[in-house]
Structure formats: C-alpha cells, structure tokens
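A.B. asks: Given these sequences and hints, build the entire structure.
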Amino acid sequence: MSARKLAAGLGACAVLLAAAGCGGSAPSGAAGVAAGRDEGPVKIGALHPVSGANAVDGQQMRRGAQLAVDAINAKGGIRSLGGRKVELETGDTQGKAEVGQSEAQRLISAGAVGLVGTYQSAVSTNVAVVAERNRVPFVMDVTASDAIFSNGYEYSFRVQPGSAAIAGAAARYLKEVSQQAGKPVKKVAFLHEQTDFGSGAAEAFTAAAEKLGVEVGPNISYDALTVSDLTAQITQVKASGADVLAVAGYYRDSLLAAKAIAAVKPRLNAVWGVSNGAYDQPKFVTDGGALGERYFSTNYHFDAKNQQTAGLRAGYQRRYGAPMRTGAVLAYDAVQVIAQGVERAGGTDAEKVRDAIASSKVEPRTVGTGPIAFAPNGDNKNALPVLMQVQNGQVKQVYPAEKAESKPNYSVTWRS
Amino acid sequence: MSNSGTKTEPPPAPAVRRGPLARLSPGDGTGALLKRAAATGGLVAVAIAIALIKSGSGLVVWQSVVTGLLMGGLYGLIAMGLTLIFGVLDIVNFAHGALLAIAMFIAFGVVQGTGLHPYLTLLVAVPALFLIGAVVHRGLLSGTGGASLENQLLITLGLSLLLENGLLMFFGAEPKNVALPGDFQFSLFGAVVSGARLYAFLGAIAIGALLFWLLRRTRFGTAIRAVAANGPGAELVGVNVRRVHTLTFAIGTACAGAAAVLAAPLVTVTPTLGEQFNITAFVVVVLGGMGNVAGALVGGLLIGLVEQLTTIYMDGQSSLLGVFAVFLIVLFLRPQGLFGRRS
Numbered sequence: 001m002s003a004r005k006l007a008a009g010l011g012a013c014a015v016l017l018a019a020a021g022c023g024g025s026a027p028s029g030a031a032g033v034a035a036g037r038d039e040g041p042v043k044i045g046a047l048h049p050v051s052g053a054n055a056v057d058g059q060q061m062r063r064g065a066q067l068a069v070d071a072i073n074a075k076g077g078i079r080s081l082g083g084r085k086v087e088l089e090t091g092d093t094q095g096k097a098e099v100g101q102s103e104a105q106r107l108i109s110a111g112a113v114g115l116v117g118t119y120q121s122a123v124s125t126n127v128a129v130v131a132e133r134n135r136v137p138f139v140m141d142v143t144a145s146d147a148i149f150s151n152g153y154e155y156s157f158r159v160q161p162g163s164a165a166i167a168g169a170a171a172r173y174l175k176e177v178s179q180q181a182g183k184p185v186k187k188v189a190f191l192h193e194q195t196d197f198g199s200g201a202a203e204a205f206t207a208a209a210e211k212l213g214v215e216v217g218p219n220i221s222y223d224a225l226t227v228s229d230l231t232a233q234i235t236q237v238k239a240s241g242a243d244v245l246a247v248a249g250y251y252r253d254s255l256l257a258a259k260a261i262a263a264v265k266p267r268l269n270a271v272w273g274v275s276n277g278a279y280d281q282p283k284f285v286t287d288g289g290a291l292g293e294r295y296f297s298t299n300y301h302f303d304a305k306n307q308q309t310a311g312l313r314a315g316y317q318r319r320y321g322a323p324m325r326t327g328a329v330l331a332y333d334a335v336q337v338i339a340q341g342v343e344r345a346g347g348t349d350a351e352k353v354r355d356a357i358a359s360s361k362v363e364p365r366t367v368g369t370g371p372i373a374f375a376p377n378g379d380n381k382n383a384l385p386v387l388m389q390v391q392n393g394q395v396k397q398v399y400p401a402e403k404a405e406s407k408p409n410y411s412v413t414w415r416s
Numbered sequence: 001m002s003n004s005g006t007k008t009e010p011p012p013a014p015a016v017r018r019g020p021l022a023r024l025s026p027g028d029g030t031g032a033l034l035k036r037a038a039a040t041g042g043l044v045a046v047a048i049a050i051a052l053i054k055s056g057s058g059l060v061v062w063q064s065v066v067t068g069l070l071m072g073g074l075y076g077l078i079a080m081g082l083t084l085i086f087g088v089l090d091i092v093n094f095a096h097g098a099l100l101a102i103a104m105f106i107a108f109g110v111v112q113g114t115g116l117h118p119y120l121t122l123l124v125a126v127p128a129l130f131l132i133g134a135v136v137h138r139g140l141l142s143g144t145g146g147a148s149l150e151n152q153l154l155i156t157l158g159l160s161l162l163l164e165n166g167l168l169m170f171f172g173a174e175p176k177n178v179a180l181p182g183d184f185q186f187s188l189f190g191a192v193v194s195g196a197r198l199y200a201f202l203g204a205i206a207i208g209a210l211l212f213w214l215l216r217r218t219r220f221g222t223a224i225r226a227v228a229a230n231g232p233g234a235e236l237v238g239v240n241v242r243r244v245h246t247l248t249f250a251i252g253t254a255c256a257g258a259a260a261v262l263a264a265p266l267v268t269v270t271p272t273l274g275e276q277f278n279i280t281a282f283v284v285v286v287l288g289g290m291g292n293v294a295g296a297l298v299g300g301l302l303i304g305l306v307e308q309l310t311t312i313y314m315d316g317q318s319s320l321l322g323v324f325a326v327f328l329i330v331l332f333l334r335p336q337g338l339f340g341r342r343s
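Protein sequence lines correspond, in order, to chains V and F.
Residue 75 in the UniProt record's numbering is what sits at position 75 of the first sequence, and the numbering runs on without skipping anything.
Residue 288 in the UniProt record's numbering is what sits at position 288 of the second sequence, and the numbering runs on without skipping anything.
Keep in mind the hints are simulated off the structure, nothing from the lab.
In this text the structure is predicted, and so the values were computed from the model without any measurement.
All C-beta atoms, glycine included, are put in the ideal place defined by N, C-alpha and C.
Accuracy of the hints is not assured; some may be wrong.
List of simulated lysine-lysine pairs, DSS-like, C-alpha gap at most 25 Å [what the hints assert, rightly or not]:
#1 V/396 to V/352
#2 V/75 to V/85
#3 V/403 to V/175
#4 V/283 to F/54
#5 V/175 to V/211
#6 V/175 to V/396
#7 F/176 to V/396
#8 V/305 to V/407
#9 F/54 to V/265
#10 V/187 to F/54
#11 V/187 to V/407
#12 V/396 to V/265
Covered by chain V, according to a simulated footprint, are these stretches of chain F (three or more residues, beta-carbon under 8 Å) [claimed, not checked]:
#13 52-66
#14 169-180
#15 267-277
C.D. replies: Given below as structure tokens:
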C-alpha cells in the first residue's frame with residue numbers, strides 16, 4: 001500500500017509539474033506583422049529570462065538593451081527617419097523555449113522591427129523560427145549553440161562568438177600560451193557537463209587540439225543539475241597524469257570543480273575554462289576566494305581595453321548599482337546592430353532592415369577583431385574569444401596580446 | 001494489532017511485532033535482517049570490485065567510495081525526516097526539499113547578518129524549521145482539508161512551489177555561498193576528505209543516533225511509535241494523537257533544517273536547490289523501507305555510493321541513472337524496501 005501511495009504521489013506530481021510547465025504560453029497567431037510600425041517610436045524587441053533561475057543575467061541583459069536605446073535617443077534617434085525615437089519592447093522568456101516563442105510572436109505583433117535575445121540556446125532556437133516565419137531580423141546577443149546557423153535562416157544573426165569558435169580558440173591559445181611559458185601542453189583532461197553545451201565544447205576543443213598535436217583525455221562528464229561533489233572526478237584527472245584540466249560547465253558545478261581541485265591538488269600546469277560559466281565572473285572570485293586564483297577562461301568578453309566600453313559599464317554601475325556583465329554588453333551591441341540597420345535602411349520595413357543588417361558594420365563594445373559584420377550564415381565574423389585569467393582577485397584579459405591587460409601567468413597556485 | 005507492550009523498554013526486536021509500527025524499527029527477525037545486510041554488503045563489495053576493474057585505478061575508486069559515503073550520510077539525514085513523517089503520519093511530504101532550501105537561506109542569512117560560525121546557525125535553523133513544521137501541520141495538514149491523500153499531495157506540492165518562488169522573490173536567483181572558516185582537508189589512505197564533508201557526515205550520524213534514541217528510549221518516542229502502530233489504540237490509552245502528529249511532523253522538518261545547515265558550506269545555495277535533494281531523498285526513503293529511520297541512513301549511504309560508482313561505470317551519464325536502476329531493482333525484488341517489512 002505504501003509503495004503504491006508514493007508511486008501515485010510521484011505520478012500526480014509529474015502530471016502537475018507538466019501542467020504547470022505548459023501554462024502561460026498563449027500563441028497569438030502568426031499574422032499581425034507590422035502593426036503601426038510607421039508611426040511613433042521605432043520598436044525593438046528584447047527577449048530575456050527576467051524571471052526564473054537565470055533572472056539575474058536576464059535582468060542584466062534587458063538593462064544593457066535599455067542603455068543602448070537610451071544612448072541612441074540621446075544622440076537624436078534615427079536620423080534617416082527624421083530623428084524618430086527608439087523604444088524597447090520587452091518580453092520575459094522565463095527561460096522556457098515555448099514562452100520565448102509566444103513572447104517573440106507578441107513583440108512582432110506589437111510592431112518590433114527586430115528582436116534581440118535570448119541568453120539560452122534552446123529559447124533562441126524557437127525564437128529564430130518565429131523570426132524567420134515573420135521575416136523579422138533576430139539578432140542574438142548570448143546564444144552559444146551553432147546548430148541554429150546551419151539551417152540556412154536568413155533573419156538570424158549573432159554577435160557573440162559561437163561555441164565551436166570559443167572551443168577552437170581555447171585550444172589554440174592553450175598551445176601558444178603554454179609554449180611561451182616554456183611548458184608546452186602535452187595532455188589535456190576535459191571535464192564538462194553533459195548536455196549540448198558542455199559536450200559540444202568538449203568535442204570542438206578535442207578536434208581543434210588534436211589538429212595542433214595535443215592529446216585530449218580522459219573526457220569526464222557529469223550531470224550539472226544533480227552533481228554535489230566532483231572530488232572523485234578530479235582524482236581521476238590526477239590519476240591520468242594530464243598536465244592541463246579544461247572545464248566547460250555552468251556556474252554552480254564549475255565552483256564545485258574548483259573546490260575539488262583545491263582539495264585533490266592534481267599535478268597540473270593550468271586550469272583552463274572553455275566557455276565556462278564561472279571562471280571569468282567577478283562573482284566567482286568573490287565566492288571562490290583564493291580557490292580561483294590563476295584560473296584561465298576562454299570566452300566572449302566585454303572589451304576591457306575599450307574606453308567606450310569602460311564608459312558604458314561605469315554608466316551601468318551608476319544607474320543600477322551592480323557591475324555590468326558581458327551578457328548585458330552583448331545585448332547593448334545587439335540593439336545597436338538593429339538600430340543601425342534601421343538607420344541605413346531608411347525605414348522600418350523589416351526585410352529592408354534585414355538586408356541593411358546583413359551588410360552593416362557596427363563598432364562593438366565586446367572583444368572583436370573589427371566591427372560587427374555578419375557572415376552569410378548570420379554569424380559575426382569578427383567576434384573574437386579572449387583568454388582571461390584571475391590575477392590577484394581580478395579577472396584580466398591576458399591573450400591574445402593586442403587585447404591583453406596583463407601577461408598570462410601559466411601556472412597554478414598549489415605548485416609554484 | 002496485538003501490540004500493547006510499547007511502554008516497556010524495547011527488547012531486541014521481538015518477532016511477534018506486526019503492523020506499521022515495525023516501520024520504525026529495523027527488525028523482523030535479527031537473522032533475516034543480518035542475511036539481507038550481508039547480501040547488500042556483498043553486492044556493494046562486488047560493485048566496488050567491478051569499478052576497480054573498469055577504472056584500473058585503485059585511488060579513483062577509493063576516492064569515489066569515500067566521497068559517496070560522506071555524501072550518503074547527508075542524504076540519509078534528509079531522508080530520515082521524510083521517512084519519519086511518512087511512517088507516523090502517512091503523509092508524503094513533497095515540500096521537504098523546499099523546507100531544506102528555506103533552512104539553507106536561514107543559515108545563509110544568519111551567517112551574513114551576524115558573522116556567526118555556520119554550524120552555530122543550527123541553533124537558529126533547527127528550531128525555526130521545527131516551528132515551521134508545526135505550523136504547516138497544524139495549519140494545513142491536520143484539519144479535514146489535509147485528510148485525503150490527494151489533498152496532502154496538492155498541499156505539500158503547492159507549499160513547495162510557494163516556498164521556492166517566495167525565496168526567488170526575496171533573495172533572487174543569484175547563487176549564494178556559505179563559507180566555512182578554517183576549512184581544511186586531509187588524506188585518508190590517499191583519498192582526499194574535506195573537513196566540511198566530514199563534519200556533515202559525522203553530524204548526520206549523530207543526529208540519526210539521537211533520533212533513534214528518541215524513538216526507542218524515551219516516553220515520547222514510545223508514544224510516537226504507539227501512534228504509528230495504531231492511532232485509535234494510542235488515543236484510548238491516553239496519548240494525544242494530534243499533538244504527537246504535529247510534533248513528529250515538526251521533528252521531521254527539523255531534521256531537514258539540521259541537514260541544510262550541515263550541507264550549506266558544501267553546496268551553492270539557490271532557491272531551487274531543494275529539487276536536487278528531493279528526488280534523491282524519496283529514493284532513499286523507499287530503498288530503506290518507508291518509515292524506517294535506520295533504514296533511511298543505510299539507504300542514504302547506499303545511494304551515495306551508487307551515485308559515485310555510476311560515474312565510474314558509465315562515464316558521461318547522469319548519476320541519477322544508476323540511482324534509479326538500483327531503485328527499480330530493489331522495488332522489483334523487495335517492494336517494501338531493503339529494510340522494510342511486508343505490510
């Protein structure tokens with residue numbers, strides 16, 4: 001009886017949760033494009049997860065987009081349209097793909113000439129479909145997955161470097177930095193969370209590293225949702241004799257990995273974050289303290305050497321009382337891309353705006369090799385992943401040299 | 001229900017005891033129990049041996065075993081509260097994980113606000129959770145509204161959603177950390193043991209022992225067991241059943257409070273953290289035999305081990321895969337759990 005009761009309970013629970021998950025998304029039909037686009041302010045849609053588990057980043061990004069709109073209006077709005085103002089229409093994806101989809105539809109129906117978003121690949125995948133169907137440009141700020149860009153979509157663009165680009169750069173930087181330090185990398189152990197994000201990073205890194213003649217193994221994965229300790233996994237790294245440990249994970253699990261590394265002290269020359277959700281975050285330095293010192297991370301990043309980025313971030317700090325994260329800077333860039341598209345198209349016709357975006361060049365506030373310019377598949381061809389390192393409690397850009405704030409220190413604290 | 005001798009000091013598990021009371025004690029004949037314990041131990045030894053062959057590194061397996069046992073103690077403590085509530089009140093408490101999260105935020109808040117040593121927050125979090133448990137039971141579950149199974153499920157599930165989203169609203173989604181001052185680690189035959197994990201493990205064992213003592217050796221514990229065995233019967237001999245129910249529920253949630261404080265330095269504190277532990281705790285409860293407090297501790301240790309060994313057996317798989325494989329096998333072979341009795 002008891003087992004049956006529990007089973008019944010678990011079943012009821014699953015049904016309820018499923019029902020709760022389905023709620024709240026009311027698709028408003030596919031028609032209704034271009035309602036009142038020609039009058040009033042030019043509307044740009046911003047889709048971010050401002051509630052739920054990723055609410056902090058979602059809020060950051062929405063504010064980043066708002067700062068971009070304010071900056072454009074302060075400079076006199078869209079000049080080619082006689083100084084029409086720009087307005088941000090916001091939507092909350094709640095971190096759910098189906099909510100993101102219906103919100104995207106809503107923003108388009110409300111007259112958005114373009115969308116920015118969405119922080120999560122799964123949500124962006126759905127929004128990209130809506131954008132394509134409605135022929136409205138969708139400029140992604142944070143979206144790691146490369147799969148969206150292999151569908152031949154014409155209305156999807158992305159500002160951040162993709163997952164494969166980051167992993168490839170991580171392998172290349174590792175080889176170069178380790179050689180410059182006189183300790184050329186031999187064998188890399190790869191620890192990653194097991195969904196598309198971590199596994200994709202591991203695969204791309206392995207492919208790139210093997211081309212450079214660097215051995216990768218063992219490849220250890222874990223479930224980021226349930227993992228509560230990574231000591232055994234780090235012991236496995238220690239036993240394997242690898243001289244570098246690459247980590248691709250989210251915030252919580254990457255912090256767990258750092259704790260385990262400090263406990264096990266494997267014989268490494270470096271800890272190497274790849275698209276890591278923690279190792280280039282100031283919060284990681286606060287939470288981890290000495291744990292994270294000298295950790296490397298290859299990722300997209302706001303351009304710390306750019307004066308305008310510094311001004312933007314200072315403004316954010318003044319207005320919102322928190323440091324501006326890279327995601328928010330990317331959202332700022334994405335809004336600028338759409339606004340400049342409208343400016344050059346000289347109108348709010350979404351298809352003309354799309355063509356203008358496809359051929360546009362926008363100065364980024366994030367690290368790049370040049371202005372934001374899109375390849376035929378919609379990816380930003382000048383996006384540049386940058387290597388960062390925690391040095392004396394500060395996240396510093398250290399490589400490549402032209403973007404470096406200080407020199408990389410290729411070592412770990414427990415073996416100096 | 002032939003049992004009326006609950007007032008005497010318990011002899012070593014007399015075989016005549018029948019009915020749900022036995023859920024609170026491990027015994028249905030010491031011999032059979034020993035046999036099952038030996039079989040379980042044997043299987044664990046075989047599993048470890050296979051892991052040794054699979055990984056080829058003694059150190060890795062040894063570290064996994066140590067880590068698994070340390071984590072398992074904590075799982076056991078979380079599950080103990082759950083199994084107590086189930087054994088005595090027959091309530092499947094889905095809000096257990098959310099209450100755990102509440103306790104962690106209390107610990108976090110007190111450490112932030114007063115700079116107290118994290119473990120001293122036990123003095124705040126445990127009574128607080130005891131009170132919350134009592135209020136929840138009195139306010140929501142003990143009335144007629146909480147009488148039916150469906151209502152209990154909806155109430156506890158609804159409560160968990162309410163608590164989690166309340167935490168999200170007040171504290172935000174930003175993950176928080178509780179640092180343990182003076183944390184250290186040492187090597188146990190090559191395996192790394194961190195102080196925080198060892199303390200959590202020892203604390204879990206101690207609280208488990210305390211709970212066991214309370215149930216077996218005190219008048220109040222006897223009353224709890226009497227209510228579990230036969231509510232109307234207990235009422236007839238003068239036990240205030242409603243009060244015992246409320247206190248038992250409160251003790252169960254206080255266990256979650258203690259577990260939360262012990263675990264706080266080990267995890268990143270987020271409002272949704274309860275979910276992570278809830279699933280595991282339910283598996284442990286069923287595995288150990290529903291309502292069996294000692295079984296919950298042993299079940300916790302087992303699940304901790306299974307989690308770690310799974311990552312060796314099937315690298316790249318969720319450790320929950322192994323946990324549920326073991327869960328299904330146990331349900332198939334012994335539906336009443338490893339240490340439960342047929343009812």
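A.B. asks: Taking the hints in turn, state whether each one holds.
C.D. replies: Tested hints:
Between residue 396 of chain V and residue 352 of chain V the CA atoms are separated by roughly 40 Å; this puts the pair beyond 25 Å, and the hint is violated. For the proposed pair residue 75 of chain V and residue 85 of chain V, the alpha carbon gap of about 10 Å is at most 25 Å, so the pair holds. Restraint check for residue 403 of chain V and residue 175 of chain V: the C-alpha separation of about 18 Å stays at or below 25 Å, so the hint holds. Between residue 283 of chain V and residue 54 of chain F the CA atoms are separated by roughly 38 Å; this puts the pair beyond 25 Å, and the hint is violated.
The hinted pair formed by residue 175 of chain V and residue 211 of chain V meets the criterion: a straight-line CA distance of about 11 Å does not exceed 25 Å. This hinted pair checks out: residue 175 of chain V and residue 396 of chain V have alpha carbons roughly 19 Å apart, not beyond 25 Å. For the given pair, residue 176 of chain F sits about 23 Å from residue 396 of chain V by alpha-carbon distance, which is consistent with the 25 Å threshold. Straight-line distance between C-alpha atoms of residue 305 of chain V and residue 407 of chain V comes to about 14 Å, which keeps the hinted pair within the 25 Å bound.
Annotation: proposed proximity of residue 54 of chain F to residue 265 of chain V holds, straight-line Cα distance about 24 Å (limit 25 Å). For the proposed pair residue 187 of chain V and residue 54 of chain F, the alpha carbon gap of about 21 Å is at most 25 Å, so the pair holds. Taking the CA atoms of residue 187 of chain V and residue 407 of chain V, the gap is about 23 Å. The hint holds against a cut of 25 Å. Restraint check for residue 396 of chain V and residue 265 of chain V: the C-alpha separation of about 24 Å stays at or below 25 Å, so the hint holds.
Residue count for the region 52-66 of chain F with a Cβ under 8 Å from a Cβ of chain V: 6. That meets the three needed, and the coverage hint holds. Here the region 169-180 of chain F counts 6 residues with a CB under 8 Å from a CB of chain V, which clears the bar of 3, and the coverage holds. As drawn, the region 267-277 of chain F meets chain V at 5 residues by the rule of a beta-carbon pair under 8 Å; at three or more, the given contact holds.
In this structure, the earlier hints numbered 1, 4 are contradicted, and the remaining ones agree with it.
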